[in-house]
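Assemble the complex: chain A is given as a structure, and chain B must be docked to it using the hints.
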Amino acid sequence: MSLTSKEAAESLAQAEQAHRRSAELYHYSRAAPHLIMWGAIWVAGYGGTYLVPNYWQWLWGALIVCGCIGGYFVGQVRPDCKNGAWAWRMTGVMAVAVAFVACTYAIMWPVHGAQYAAYPALLTGAIYAAVGLWVGLRYLVTGALVMALTLAGFFTLHDNTILLWMAFVGGGSMILAGVWFRTV
Amino acid sequence: MEQPDAIIHQPVRLKIMAALKPLPTNDPVEFVRLKALVNATEGNLGAHITTLEEAGYVSVDKDFVAKRPRTRIGLTKQGRRAFQDYLDYLRGIIETAAG
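Note that the protein sequences, when read in sequence, are chains A and B. Position 61, counted from 1, in the first sequence is what this note's numbering calls 64; the numbers after and before it change by one each time, with no gaps. Position 57, counted from 1, in the second sequence is what this note's numbering calls 265; the numbers after and before it change by one each time, with no gaps.
Isolated chain A, as found in the complex (with noise of 0.2 Å):
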């Protein structure tokens, strides 16, 4: 049995597109647990923050650092990830993005709470959707619907409302987003 160009032209291409998708699928299932962990911290963040705003700071520092912690065991789960290479690097994107945010504040200064609010929710969102470009729709999908409901929950509410809106709406979007890309 011997091939003709067109038919070894046609086998590559079904391999590379099955290969394609496989891969994709895969990066998929990886990062589904950390944005279900960071979706329901966004829950508890953002709700806690409505509940007692006083207290925020505290708050969200305590979530932060259980976030990096959990994002690293979170990675270790896969057998891949044994040697902790993934895991380190996605608590490294953690804090690195945690301290943008906060070196962002402390450059631009806030003036009112809202922005606090919505501005690392916006930046999750250009990070997701700017990594899709690079691995696959779902995570463009995710940054725009996440940058989109957090823009209009900003524009459209009032006082703390918002905390609310970016609990339910923002945390379980992510949740949700976690979910889809667990499938097939």
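Some clues are possibly wrong.
What the hints assert, rightly or not - If you want the footprint, here are the derived chain A segments under chain B, 3+ residues with CB under 8 Å:
1. 6–15
2. 23–30
As the list claims (entries may be wrong) - Every beta carbon over 10 Å from chain A, so not counted as near; a handful from chain B, in silico:
3. A263
4. V268
5. K270
6. R276
7. D293
Read the hints as simulated data drawn from the structure, not as lab findings. Given the structure is predicted, the values throughout are model-derived calculations rather than measurements. Idealized CB from N, CA, C, for every residue including glycine.
Below, chain B alone, put in the same frame as chain A:
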């Protein structure tokens, strides 16, 4: 390689091998997930996996998770090498034809 590997050169088995290739050796894919990935029926996929397993190209691990049976499939070293040889063979044909 004078001829394509007959075990891999079958559309469903080619898709199985290609879908398994990007996965780490120690993180096999579940049967139900692979079924959706290659868009095959359960019986069809099972038969092709048996062929690949008999050739030593894939490993099949069966266990129980929360009392439910789970089957996971991964590419063996031999399978990874055979698939790479197969891809090289295809590329060689295309390059030769292109001159």
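Worksheet item: So which of the earlier hints does this model not fit?
Response: none
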